[in-house]
Every structure is written in structure tokens, then in C-alpha cells.
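Asks: Kindly generate the complete structure, drawing on both the sequences and the hints.
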Amino acid sequence: MNLIVVGLNHKTAPVEIRERLAFNNKELIREGLRYLLNRCGVHEALIFSTCNRVEVYSYKSISSCSLTYMEEEENHLENSIKKFLSDFHKMEIEDFEKYLYIYRDREAVEHLFKVSASLDSMVIGEPQITGQVKEAFEIALSEKATSLIFNHLMNRALFTAKRVRKETRIGENPVSVSYAAVGLIKKVFDDLSTKSVLLLGAGEMAELAIRNLIGSGVKDIYVTNRTYERAEELAKLFKGKATSFEKLKESLIQVDIVLCSTAAPNYVIEEKVLREVMSLRKYKPIFLIDISVPRNIDPNCNNIDNVYLYNIDDLQDVVDSNMLERKKEAEKALQIVNEETDKFFQWLNSLSTVPVIVSIRNKAEQIRQEEFEKFRVKFKNLSPEILNSVEYLTYSIINKIMHEPTVALKNNCEMKETLILAARRLFGLENEEE
Amino acid sequence: MGTIFFELALTFYFAASLLSFVGIIRKKQDFDRVILILSLCGFIFHLIYFFFRYFKTGQVPIFSMHEANSFFAWCILLVTFLIYFSSKVEIINFNIILTFSFMFISAFFPRNVPILKAELKNIWIGIHALLAVFGIALFSLAFVFSILYLVQERAIKIKKLGGPVSIIPSLEILDKLNYRLIWWGFPIYTLALIVGFVKYFSLLGFLWDPKEIWSFLTWLVYLSIFYLRVKSDWRKKKAAYLTIFAFLLLIVGFFGINLLTESFHKPL
Chain A
1 MNLIVVGLNH
11 KTAPVEIRER
21 LAFNNKELIR
31 EGLRYLLNRC
41 GVHEALIFST
51 CNRVEVYSYK
61 SISSCSLTYM
71 EEEENHLENS
81 IKKFLSDFHK
91 MEIEDFEKYL
101 YIYRDREAVE
111 HLFKVSASLD
121 SMVIGEPQIT
131 GQVKEAFEIA
141 LSEKATSLIF
151 NHLMNRALFT
161 AKRVRKETRI
171 GENPVSVSYA
181 AVGLIKKVFD
191 DLSTKSVLLL
201 GAGEMAELAI
211 RNLIGSGVKD
221 IYVTNRTYER
231 AEELAKLFKG
241 KATSFEKLKE
251 SLIQVDIVLC
261 STAAPNYVIE
271 EKVLREVMSL
281 RKYKPIFLID
291 ISVPRNIDPN
301 CNNIDNVYLY
311 NIDDLQDVVD
321 SNMLERKKEA
331 EKALQIVNEE
341 TDKFFQWLNS
351 LSTVPVIVSI
361 RNKAEQIRQE
371 EFEKFRVKFK
381 NLSPEILNSV
391 EYLTYSIINK
401 IMHEPTVALK
411 NNCEMKETLI
421 LAARRLFGLE
431 NEEE
Chain B
1001 MGTIFFELAL
1011 TFYFAASLLS
1021 FVGIIRKKQD
1031 FDRVILILSL
1041 CGFIFHLIYF
1051 FFRYFKTGQV
1061 PIFSMHEANS
1071 FFAWCILLVT
1081 FLIYFSSKVE
1091 IINFNIILTF
1101 SFMFISAFFP
1111 RNVPILKAEL
1121 KNIWIGIHAL
1131 LAVFGIALFS
1141 LAFVFSILYL
1151 VQERAIKIKK
1161 LGGPVSIIPS
1171 LEILDKLNYR
1181 LIWWGFPIYT
1191 LALIVGFVKY
1201 FSLLGFLWDP
1211 KEIWSFLTWL
1221 VYLSIFYLRV
1231 KSDWRKKKAA
1241 YLTIFAFLLL
1251 IVGFFGINLL
1261 TESFHKPL
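Sequences listed follow chains A and B, in order.
Residue 418 in the working numbering sits at position 418 of the first sequence; the count goes up by one each step and never skips.
Residue 1252 in the working numbering sits at position 252 of the second sequence; the count goes up by one each step and never skips.
I should point out that these hints are in silico values taken from the structure, not numbers from a laboratory.
Just so it is clear, CB atoms sit at the ideal spot from N, CA and C, and this is done for glycine as well.
Careful: at least some of the hints might be erroneous.
Stated by the list, open to error - So, partial list: chain A residues that the calculated Cβ filter (under 10 Å) puts toward chain B:
{"id": "1", "residue": "Ser61"}
{"id": "2", "residue": "Arg169"}
{"id": "3", "residue": "Asn173"}
{"id": "4", "residue": "Gly183"}
{"id": "5", "residue": "Lys187"}
{"id": "6", "residue": "Asp190"}
{"id": "7", "residue": "Lys284"}
{"id": "8", "residue": "Pro285"}
{"id": "9", "residue": "Asn303"}
{"id": "10", "residue": "Asp305"}
{"id": "11", "residue": "Tyr310"}
{"id": "12", "residue": "Asp314"}
{"id": "13", "residue": "Asp317"}
As the list claims (entries may be wrong) - Below are the DSS-like pairs computed for lysine-lysine, each with C-alpha atoms no more than 25 Å apart in a straight line:
{"id": "14", "chain 1": "A", "residue 1": "Lys327", "chain 2": "B", "residue 2": "Lys1160"}
{"id": "15", "chain 1": "A", "residue 1": "Lys186", "chain 2": "B", "residue 2": "Lys1238"}
{"id": "16", "chain 1": "B", "residue 1": "Lys1157", "chain 2": "A", "residue 2": "Lys272"}
{"id": "17", "chain 1": "A", "residue 1": "Lys144", "chain 2": "A", "residue 2": "Lys82"}
{"id": "18", "chain 1": "B", "residue 1": "Lys1176", "chain 2": "A", "residue 2": "Lys284"}
{"id": "19", "chain 1": "B", "residue 1": "Lys1157", "chain 2": "A", "residue 2": "Lys284"}
Replies: If you want it as C-alpha cells, here you go:
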């Protein structure tokens, strides 16, 4: 067993280094995989490259039992991967070596599981990474860079990610301001498709929020701006209606949600005005989101009945507390990662020679005993000598049949693991364990 | 007396409540399907129990504390199912625990068949009691949702949304449910009072039963909620407050009057 990961991520390396070592497209990854397989002498390989991390996973089956030889071999593997990165990206090893982390065997498996379950991400619990892991696996698969070990390993990594997502609340609370805004709105309104939103002013965050709202079903969109042309422009972009800034009060009477993000230095919506609006709209609830700095909605508006006002700091607080919640969930997730790592190594152990031979032999012996028992019951009248010779006969048949497979399994050849797996399947040992 | 059906229903409710409790603690809704099926099984056994008791004794099983509590529990579950299947609002988590609690209380009361006074041995009196308990069940759910509404509303206003508050449904849903429960509860309760009053009058004459007067007062409060809700756009927070007030009044009438005065409304 010699599984190793050499990599760097947003925690260990600055972006200048990450971007130089990144594999920016599928073709580069393929090329890298070919390099690893052909020139570094690894048996299985996988390259995982995103904007936050570059990781090279490789596996080389080492058949010798000598410890010193194994250590040598491990160091050799580590160095050849470093050299691969250096050659491939035309960088000196010394320039990036200090940013690298290197994990072996159990630690490497654990690391991969953590990465794929999004526990190692910059934004813990963000869901994209699992898809990226899957994609990296598919590329390696199509390049035939993975085989027995990595195929199982990657499937377990994806399974771990699924379990973490299902069994913890790691992905449930939004951790971006625009998603948090939508989450809050949903605390007040149930069916967003019957609600209308007014976009007051414009800005990157407001646009993001409105896109999220559209994604959640909002159809009725009004846009207003101090310059009417700009309002029309934005209205076109979101398939909404432009309304004039002078009629702000009328618009406020109609809509359910207001996204405010103007560059005005003073309050655009004042408490006095909103009180009038609320009585005109018969106190139908209204949700105001003020993401402008300086604030454009008088904070006292929150004191009016059925008015819910959140400004940028409130949203940031929600995001912060959600982030904290995620970190708590990540602790639970680590336990799952641990369990899954254990399971992976159990599987790996089942690939070693001795237990397989023992179980095959046990199984044969069990069959022999059962069949012989049946024979003895059927022919009660036979003399003990004959019975003994029949039993001896069964022994020797079993032994003769078992001889070749045992020798083949004990033989250290390159396809050892494949052979063991095949033997397990041929002798039906897999089902018994499950 | 078919007690086995009662025990079966109780067991199913218990299992469902346990799962709900775990779900609420873990803030996860993995078992919702199982909870639904378990409660449905309990619900059916519970119904069989009622019919069994009714046909065995020939009187509506609503007069003893055991019977009334168990019917109340059943009503809450019935309404939960109606809400679930009509609007897909998943409130079974809270309500199954409520159902189980009342079933549990019911299990502690003697299960013998109550011996009724001659003048109460009338199918209409039974119907009056059934309707009244059903109406009260609707009102008590309205009460629960009103409390949830106020808790959620306050959480949004003061911007503290973490912890257990995070699983409360949106204000819009809570208000809608509140509205619907009053919309159904009020006419049913009214009908119960009318049936009771008419029969009572024809059987016993006018007696100024304290419970009757109190019930009429409560009815007036619910009438005002009903009117304000249906006629004008008077809803949300104020409606929630009034619903809570009305229910407290109802409970005082239900238990307080029983304890303090001699009324023939006292459960047997």
C-alpha cells in the first residue's frame, strides 16, 4: 500500500502560487495523468484542480515486505511527484515546496474524504466541490488512470460527501449575503411566486439578490431609479417593469419585498412615509432589505407593525451565525469521515492474501463436511473402514482443487489485488460479509 | 371493551412522537414519511376503538374524561391530516406530540363506560359534545399556531433566528392556517352550542348553567375574531393575540368552571 497526496490549497499557498500550479483545463489534466502514469511509475493517479486547490493523488502498489525498501520507495514517489509538478509547470521545486502538504495512506484517504465532503473548503459546506471531485474522477477514469483502488476510493469519497450532506445540516443555512436575504424573506412569505419585488437603485449585491429571488419563484419585478433610463435598462434585464422614482410611494403600497441599494447620502424611505404607506396597504407585511452604505431606509421603520427591515450588517450577522453553525456541523461530519475511512481500510485489508486463502479454504472445508455428513446419513450401513476412505477421498479432492488457486494468490505478482478481488467473487466471499 | 385498539393506537402515537422529537432536536426531517405512516396507523386503530365502544354501549363515547381526551387527541390528528393533504404544510412533527400527550392523559382515566343520567341519554346530547370537542380541537390548534406566529414574528423583528426557532414555518403559512382553523372551528363550535342549547332547553328548561353562560361569552369573542377575519383585512399579529386570548377564556370555561361549580357539564 502506498497512497499519497501532494497538494496545496487556499490555506497553505497564496494565489500566485496556486494559479501557477493549477491544471486549468481537462486537456492539461489528461496530459498530467499520462505523465504520472508513464514517467513517475505510479499505478493509479488522479489530479484535482480548482481555484482553491491543486492536489495530486497517486497510488503505487509495493509488493516487497522490507521496511527500509518501502520507506525508500515512498520518498522516491513523493519526490517524483514534486518533480512532475515542477517539470509540468516549469517551476523550481524550491519555489513551491514550502506550500505543499503531503499525506500518506490513512491520512491521505481522510483528506480526500474531507475535501469531497466540503469540510476543507474555504466556505465550509459549499456544494460545488463534490461535483468537482466527481468531474476529476471522470477525467481520470476516461484516461484509464484509475483502477481497482482509486475506483473504490473515489466512490467512497463521493458516498461520504452524500452522507455528510444528508446526516448533518452543513449545507442548510445560507452563508452568502444574497442567499441569506432570500432565506429571511422566506421566513415571512411562503409562496414567493405570488409576491412582487421592487428593486430600488442598483448594485452588484442587489442584482445577485434579485437573481436569487427570481430563482425562488418571484415573477413580479418592479425597478425604479433616479434616472428613468437606467431603471428601464435594469427592468429589461430582469424582465420587470420600470416605474418612476417620483411614484415611489405608490410602488411601496403595491409590493411585498423591497431591495434597496442606491448611492443616495440620505434616507430614501423615511419612517413617516412608510407609516402612511403601511396604513394605505392595510398593514400587509412588507420586507425591506437595505444593502446601501450609507443606509437608505430609516432604521426606525423596523418599529412599524408588519414591517421587517434588514440592513447589510444584519445580513452579515445572519451569515456569520450560519457560518458558526456550519463549523459545528463540520465536527459531526468529521466523525462520518472517520467511519468511512475505517470502512475503506477494511475493504483494503480484505484485499490482502492470507485472509482470502483462509476464507476460501474454510468455505471448502465447510462444504466438504456438510456433503460428507449427508452421505453418512444416507448410507448408514457402510463399515467404518469404507467411511474413512470416503472421507479421505473428499479431503484429497478439496486439497487438489485448492492447490492451484492458493499458489496463484500467494505469488506476488503485479495484478495481486485484482486476483484477490476476482477470487473473492469467484468463491462467493463478498456476499457473506455483507 | 376493545381496549386493545386503544393500546395499539397509543403505541403507534408513541412511536411517531418519539421520531418527531428526535427530528425536532436534530432539526432534520428525515423520518417524516415514517411518522406519517405510523400516525395514520394509530389514527385508524383509534377510530376502530370509537366505533367499537359506540356499538358495544350504544352511547357516544365522549362523556367520561377518558373518552373526551381520547376524542380530542383524535380530532387534532384529523385536522393535521386535513391540513397536510390539502396544503402540504408539514406540521405533523408538532401535532403528533400533542396527540400523544392527550392520549397519554386519557390512558390514566378509568375506562369504564360512564353511567348517564336519564335526561342525557339522547343522541343529540352526544352530537353536541362531539361537535364541541371537535371545535375546541380546531381552536386549540389555532392557539398553538398563534403562539408560533408571535414567536416567529418577534424573532424576525429582533433579528435572532438561530436555534429551535429555525424550524417554525413562515409567517404567511402560520397566518393562513390560523385563518382556516378559525374559519372551520367557529361554525362547528356554533353548531355545537345551538344543538346543546336547543336540546337542553327542551329537556330541562332554562337552568342558567354557569358553563353555558361562559361558553356564550367565549363564543362572542370567537365571533368577533371570525367577523374581523372574514369581513375586514384585520389579521396577522392582532388576530394572533386575540386567538390566544379567546382560547385561554375557553380553557378557563372548560376546566375552571368544572372545578369551581356544580354543573351537569362536568365530565363523568
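Asks: Report holds or violated for the interface hint on A:Pro285, using the least CB-CB distance to chain B and a cut-off of 10 Å.
Replies: 7 Å, holds
Asks: Does B:Lys1238 lie within 25 Å of A:Lys186 when you go C-alpha to C-alpha?
Replies: 21 Å, holds
Asks: Does B:Lys1157 pair with A:Lys272 here, judged by a C-alpha cut-off of 25 Å?
Replies: Given that 25 Å is the threshold and the Cα spacing comes to 19 Å, the pair holds.
Asks: Are the Cα atoms of B:Lys1157 and A:Lys284 separated by 25 Å or less?
Replies: 15 Å, holds
Asks: Was the hint right that A:Arg169 lines chain B, CB cutoff 10 Å?
Replies: Holds - the Cβ of A:Arg169 comes within 10 Å of chain B, reaching about 6 Å at its closest.
Asks: Taken at face value, is the distance from the CA of B:Lys1160 to the CA of A:Lys327 at most 25 Å?
Replies: Satisfied, since the Cα-Cα distance of roughly 19 Å is no more than 25 Å.
Asks: Quick check on A:Lys187 please, does its C-beta sit within 10 Å of some C-beta on chain B?
Replies: 6 Å, holds
Asks: For the hint on A:Asn303, just tell me whether its beta-carbon gets within less than 10 Å of chain B.
Replies: Constraint on A:Asn303 satisfied, holds at 9 Å.
Asks: Would the hint on A:Asn173 stand, with a C-beta cut-off of 10 Å toward chain B?
Replies: 8 Å, holds
Asks: Would the hint on A:Asp305 stand, with a C-beta cut-off of 10 Å toward chain B?
Replies: The hint holds - A:Asp305 has a Cβ within 10 Å of chain B, the shortest such distance being about 6 Å.
Asks: At a threshold of 10 Å, is the proposed contact between A:Lys284 and chain B supported by beta-carbon distances?
Replies: With a minimum Cβ separation of about 8 Å from chain B (threshold 10 Å), the hint on A:Lys284 holds.
Asks: With a cut-off of 10 Å, does the beta carbon of A:Tyr310 approach a beta carbon of chain B closely enough for the hint to hold?
Replies: It holds, given that the least Cβ distance between A:Tyr310 and chain B is near 7 Å, below 10 Å.
Checked against the numbered hints above, the structure violates only hint 1.
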